[in-house]
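Trainee: In order, the protein sequence lines correspond to chains R and B. Letter by letter, the first sequence follows residues 27 to 326 of our numbering. Letter by letter, the second sequence follows residues 27 to 326 of our numbering.
Please keep in mind that the hints were generated in silico from the structure rather than gathered at the bench. Source: prediction; values computed, not measured. Please note: incorrect hints may appear among the correct ones.
Unchecked claim - Chain R stretches covered by chain B per the calculated footprint, using a threshold of three residues with CB under 8 Å from any CB of chain B:
1) 69–79
2) 180–188
3) 225–231
4) 285–296
Unchecked claim - Pairwise CB distance ranges, derived in the manner of DEER restraints:
5) 280(R) to 290(B): 48 to 58 Å
6) 263(B) to 118(R): 56 to 66 Å
7) 269(B) to 212(R): 29 to 39 Å
A virtual CB, placed ideally from N, CA and C, is assigned to each residue, including glycine.
2 protein chains.
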Amino acid sequence: MRVGIDVGGTKTLAVAVDDGGRVVATDRRATGRGAEAVVDGICAAVHAVLGDAPPGPVGVGMPGQVSPGGVVRHALNLGIGSVDLAEAVAARIGVRPVVENDVRAAAVGAAALLPATDSLAYLNLGTGVAAGIVRGGMPWRGARGAAGEIGHLSVDPAGPVCPCGQRGCIEAVAGGAGVAARWGKPSPLPVAEVFDCADAGDPLARSLRADLVRGVAAAVQALVLTADVELVVLGGGVSRLGERVFAPVRTALRAAASGSAFLASLDLAERLAPVPAGEPVGAVGAALLAGSPVGVAPGL
Amino acid sequence: MRVGIDVGGTKTLAVAVDDGGRVVATDRRATGRGAEAVVDGICAAVHAVLGDAPPGPVGVGMPGQVSPGGVVRHALNLGIGSVDLAEAVAARIGVRPVVENDVRAAAVGAAALLPATDSLAYLNLGTGVAAGIVRGGMPWRGARGAAGEIGHLSVDPAGPVCPCGQRGCIEAVAGGAGVAARWGKPSPLPVAEVFDCADAGDPLARSLRADLVRGVAAAVQALVLTADVELVVLGGGVSRLGERVFAPVRTALRAAASGSAFLASLDLAERLAPVPAGEPVGAVGAALLAGSPVGVAPGL
């Protein structure tokens with residue numbers, strides 16, 4: 027039995043996956059703040075999904091920069107600057123987990139849960155924007171673990187200033203934090219509120235929505251024109267707006283292709299897919315990665 | 027003995043490479059127009075570099091879209107709409123060549139000729155702009171052979187109109203044809219003339235040069251933030267301007283990183299390298315690909 031855990035900013039979701047690749051147990055709990063609380067939550071979740079089953083390989087998807095050895099850095103929204111998560115968890119449960127960046131783990135999960143594709147990018151539209159790229163079921167980390175970090179590609183030199191110092195980063199126009207900052211009104215769900223107000227005709231909301239759509243379309247185009255993945259799967263909080271986001275993004279991609287036989291031949295709009303509804307892609311991906319330092323083919 | 031041939035818009039360069047990976051013969055001839063003339067040139071070049079040596083595997087790097095089976099499409103500057111090049115050459119010389127896109131072949135050659143890197147992008151700055159990506163010595167084609175086609179990423183919605191219909195494509199600001207069109211004065215070497223006139227203080231030339239530098243920097247950033255290749259090797263005609271292009275591109279990359287610990291950690295400017303001086307990377311890459319449908323590791 028493999029265990030996969032997706033540590034999110036607010037909740038930690040764990041699954042136990044049997045040898046047939048079926049999810050046989052799940053656990054959902056609030057994510058604590060700081061390394062110790064996060065490790066506590068991971069260990070409790072492992073015990074919760076395993077019950078009396080013998081411990082098996084464990085995989086963990088974590089925000090931030092994750093080294094191949096399992097050291098997590100800059101998981102700022104968890105209050106973690108740096109922690110050797112693999113070591114800390116191993117000391118507690120006696121099993122050394124495979125730790126992967128959460129978006130990359132979700133990409134592996136999405137690749138396993140979707141109809142067979144050789145290559146896929148999982149584009150996470152959350153507080154920030156980043157993608158995980160999978161080829162042949164293997165996560166692609168790149169030379170320095172930065173593969174898929176497209177949030178800081180600038181697509182408009184006259185765009186809004188990004189906390190990174192550039193202007194017009196994809197994350198600044200399409201990330202939840204960027205939209206919230208530009209919207210400027212406190213809201214539990216700023217992007218949804220912006221879309222609602224745009225529907226109601228609010229000019230600022232309309233321009234923020236248009237920028238978000240352009241940013242997501244640019245992210246899809248960047249992923250396909252660079253990595254040429256078969257599918258770009260949209261996930262993350264913003265993607266839960268469903269067709270309210272997908273439809274205008276497809277329209278923008280078709281508009282970009284309308285003048286170019288080359289772009290048209292790439293069928294960008296048709297290569298966009300939503301994350302499988304209700305599937306815990308992050309936790310399943312982490313389970314698939316468990317026991318393998320370099321990732322495993324989809325399906326156990 | 028392997029033969030590698032790089033079919034360029036003006037010249038066809040062929041090399042014979044021995045089992046030790048050394049170039050033992052080269053042939054350089056003008057490229058003809060149209061499929062028949064191109065095939066004639068390829069076959070003549072094979073005989074020229076082989077001399078009395080027994081025929082071995084042959085690899086050909088061609089502009090345009092190249093199918094895994096060796097069909098070449100849209101090689102417009104060669105006057106070729108579509109041709110089964112592998113078949114046409116096999117019928118003439120009795121050896122079925124491996125045919126690859128010329129930029130991708132050059133990427134394989136650059137990877138073989140540079141100090142060992144697991145991943146590399148060869149960014150061709152010529153009439154157009156495109157990159158070839160190599161991992162572990164293997165060219166990465168992507169789902170539809172479009173991997174590395176970053177020329178049509180838009181980096182400025184207010185930028186110049188690209189023939190593809192978008193505005194501000196990297197190719198429109200950093201490709202030789204785009205620069206020539208915006209310069210508007212007939213010149214055998216428009217980009218060099220623009221750089222000379224910029225040095226002399228011409229305002230239009232200065233703005234075109236600034237746009238070109240921004241476009242190249244954006245291409246490097248897109249390749250690293252998406253594929254995270256270890257090295258980005260600059261080649262093609264524009265790159266022959268050397269430090270006149272490299273220095274300002276490095277400055278632009280450092281400026282982008284100055285506000286961002288994440289971008290700074292990627293050392294974008296330090297990951298930029300010129301194509302090995304005087305090395306026929308395209309022909310050598312084609313030779314390395316010869317005899318293998320999926321590419322071979324660098325070094326024979």
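Trainee: Which numbered conditions among the earlier hints are violated in the structure presented, ordered from lowest to highest?
Mentor: 1, 3, 5, 7
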